[in-house]
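Asker: For the protein sequence lines, the chains are B and R, in the order given.
Position 32, counted from 1, in the first sequence is what my numbering calls 32; the numbers after and before it change by one each time, with no gaps.
Quick note: to get my numbering, add 1000 to the position in the second sequence (first position is 1).
Hints listed in this document are in silico derivations from the structure and should not be mistaken for laboratory results.
As the structure is a prediction and not an experimental result, all values here were calculated from the model.
Among these hints, one or two may not hold up.
[What the hints assert, rightly or not] Per label pair, the in silico range of CB-to-CB distance:
(1) B:T51 / R:Q1334: 54 to 62 Å
(2) B:E21 / R:S1283: 52 to 60 Å
(3) B:P66 / R:E1256: 41 to 49 Å
(4) R:E1163 / B:R17: 18 to 26 Å
(5) B:R28 / R:V1125: 38 to 46 Å
(6) R:T1258 / B:R28: 35 to 43 Å
(7) R:S1254 / B:E24: 47 to 55 Å
(8) B:E85 / R:P1252: 27 to 35 Å
Glycine included, each C-beta is placed from N, C-alpha and C at the ideal position.
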Amino acid sequence: MIDREEVLHIARLARLRLGEEEIEPMARELSAVIEHVAKIGELDLRDTAPTSHVVEVAGRLRADEPHQCLPREVVLAQAPAVSGEGFLVPSPQA
Amino acid sequence: MTTTYEPVIGLEIHVQLLTRTKMFCGCELSFGEPPNTRTCPVCLGLPGALPVANAQAIHFGLMIGLALDSELAPRSIFHRKNYFYPDLPKGYQISQYDEPLCRGGRLADVRIHRVHLEEDAAKLVHVGASGRIHASDASIVDFNRGGTPLAEIVTEPDLHSPEQAGQWLRLLRATLRHLGVSDVNMDEGSLRCDANVSVRPEGSRELGTKTELKNMNSFRFLERGIRAEIARQEGILNEGGRVVQETLHFDPGSGEITSLRSKEQAHDYRYFPEPDLAPVAVSETMLAAARQAMPELPSARAVRLQDSLGLSAESAHLLAFRPELGDYFEQALQSSPDSTPSAGAQAQALANWVTGELAKRLAPEESPADSKVSPEAITVLSQMAAEKQISVGAARQVLDRLVAEGGDPRTLVEQEGLAALDGGDELRQIVRAAIAANADAAQRVRAGNPKATGPIVGYVMRETKGRADGAEVTRLIAELLG
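So here's chain B without its partners, still in its complex pose (with noise of 0.2 Å):
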């Protein structure tokens, strides 16, 4: 069972902002999302290597060749807020 600390422990990591109300039930969901994955520990898997990916695709790279960038309005104008030539935002110190 995920306890309360670890619950805000992990929604600061994910910059959420929990109401208190939010917190026991985000504990019990999270729980269950863990049980429900923890049941593979049931198997015997010494002598399975982990998946890292589920279709073994490997060597797909990519020449070293430029491709046409995006124009820079277009770019900006994705921006909620824009500062002369960049993307402003509110600073991570603040």
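Using the hints provided, position chain R relative to the given structure of chain B.
Answerer: Here is chain R on its own, set in the frame of chain B:
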């Protein structure tokens, strides 16, 4: 009684790779282009965009692995390193975790832990009155740098002093530069270095608690930062305190070390395999291409210069670790007209001219190939001096002229009348006059003080405008006063 401590230092070095395009998309790398003009849906992290690894970056990674004597993984995978910061549009950095491209290895006396590939973050410009990161309210993001291929090289904690760390980093830089895989410019950030520092009582085998010093952007700051951190840790321990494991920032201006709890306090990066990228399988063809592309490395070159040309260890080292000097030297050697039995001595003399007198006259890090002194000219000059056609002093004068305006040393010697006076009558006459003009000194030399020849030699050199061979003058003085 104070305890003596032994510093234990490991380095983490990031180098931007000199590919044409970014690590996972075809945007060209930026060299001072206007902000946000080198972006696409992949490096902006737009939904649905899929990364594909750059074959050239893998190739460079393999070359670095070969140069560092690492084990190259036949299969490696990329991971997502999750953290939120405005320089990272996807909310994660694509990096490598437990299956890196290269493992282990060694460069000189330092073991390599691993080498892996990842993408660089974007550039943040903090907007604030003081310009300091703490005081700003807003930041502006330029994504041109975001996605630039990086190789991260991690050493084992095998370094034991700030100077050794600096020296070793210079060796690594020379090696990487010679490979041609990176600009390795610390000022411009294409080579960045973090240091893990701890101290332990001398003789202890246990490692102390380490701190991580971030982003020291010059060799001087690296050494000063490590020195300051060692002193700080020793101070804490001597007062009975405990070092806290943390990330630190060294301010070269004030010499102060401050805690840098910014990006991710908990270092809880929740790595997991990047599902959008296929594993990298290094084929025999890729390995062969990487081996094929390997130049002679500085350490091998030093050995060759010493063994086959008979250069001194010091000269061989200088020429090998400053490839621009080494290449120039070898080109000059090629232009040498003969390979006489005295070839070894000639090579050493030429090496001395290149690494000494010539290098001294150039700007730091300037390549002699970019100077006005052609490799042929320095060879001719070195030979004329070796054969005593001109004195060393005259040769230096000629070199001054060559550096300033180029040309042929033989012509310059002729124009300036710098040809050496041979040991004949003319020089003998001048030495005789010098003795007559410095009777006191002559008296002291006769009395058994050989060092007293100074004023006599000085007189001869003035009279001959430095054209006389010093050894010959000394011999003549001894003969005439004998």
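Asker: Does each hint hold? Answer for all of them.
Answerer: Structure-based check of each hint:
| no. | hint | result |
| --- | --- | --- |
| 1 | B:T51 / R:Q1334: 54 to 62 Å | 57 Å, holds |
| 2 | B:E21 / R:S1283: 52 to 60 Å | 56 Å, holds |
| 3 | B:P66 / R:E1256: 41 to 49 Å | 43 Å, holds |
| 4 | R:E1163 / B:R17: 18 to 26 Å | 49 Å, violated |
| 5 | B:R28 / R:V1125: 38 to 46 Å | 44 Å, holds |
| 6 | R:T1258 / B:R28: 35 to 43 Å | 42 Å, holds |
| 7 | R:S1254 / B:E24: 47 to 55 Å | 48 Å, holds |
| 8 | B:E85 / R:P1252: 27 to 35 Å | 29 Å, holds |
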